[in-house]
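Please build the complete structure, drawing on both the sequences and the hints.
These protein sequences, in sequence, are chains A and B.
When we follow the numbering used here, the leftmost residue of the first sequence carries the number 1, and every step to the right adds one.
When we follow the numbering used here, the leftmost residue of the second sequence carries the number 1, and every step to the right adds one.
Derived from the structure by calculation, the hints contain no laboratory data.
One or more of the hints may lead you astray.
Part of the chain B face toward chain A, derived, beta carbon under 10 Å [what the hints assert, rightly or not]:
| hint | residue |
| --- | --- |
| 1 | M27 |
| 2 | S33 |
| 3 | Y64 |
| 4 | R110 |
| 5 | L111 |
| 6 | T114 |
From the three backbone atoms N, C-alpha and C, an ideal C-beta is built for every residue, glycine too.
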Amino acid sequence: AQKITQTQPGMFVQEKEAVTLDCTYDTSDQSYGLFWYKQPSSGEMIFLIYQGSYDEQNATEGRYSLNFQKARKSANLVISASQLGDSAMYFCAMREPRSNDYKLSFGAGTTVTVRA
Amino acid sequence: NAGVTQTPKFQVLKTGQSMTLQCAQDMNHEYMSWYRQDPGMGLRLIHYSVGAGITDQGEVPNGYNVSRSTTEDFPLRLLSAAPSQTSVYFCASSHSSSYNSPLHFGNGTRLTVT
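Take a look at the structure:
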């Protein structure tokens with residue numbers, strides 16, 4: 001079964017507007033970590049934000065915030081005041097303690113294009 | 001702070017050749033790993049290490065070897081390159097193997113096998 005689902009293959013957003021990227025996850029663990037990464041066209045993978053399963057507050061990092069709804073198993077990324085440099089692929093990922101290899105399970109990604 | 005450093009950035013190999021992708025981190029991270037990224041397949045774990053002297057297989061280990069003689073270095077060896085190994089390879093490390101420890105990635109190596 002797919003552990004991370006990102007249903008939006010691509011999105012367009014106007015510069016200075018906010019955009020929400022959807023992510024749902026599937027796990028039977030009570031403890032887990034959720035992460036968002038950015039991959040610009042240059043190819044590197046950049047860690048953006050982390051949300052722990054026990055965190056009661058939504059995580060924020062600058063213009064990035066995570067809308068965490070545990071009961072719905074969703075962890076949507078909100079990018080506020082979009083900039084042209086935000087154009088990239090965005091991946092949602094999860095790390096589970098019962099995973100024998102401690103790996104990150106990634107979603108398929110969402111491509112964001114910011115229009116001037 | 002360099003973070004995770006991968007070399008080379010690009011590589012072209014002929015089928016059957018061998019090579020080593022280098023990975024070094026300067027953050028004193030316990031956990032290190034190698035992923036490959038392919039269109040439509042996402043990122044898949046090749047090998048990982050939870051500390052110096054300890055390595056184990058991930059999801060797609062065939063055709064690759066790793067070693068971890070020091071905390072800092074985690075090279076990936078392609079034993080006999082095949083066209084199916086054409087991919088983008090990422091080395092990633094984290095402070096620990098805990099679920100709440102974010103992975104930090106190198107800039108990737110784009111490998112083409114002809």
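### Query
Checked against the structure, which of the hints given earlier come out wrong?
1, 3, 5 and 6
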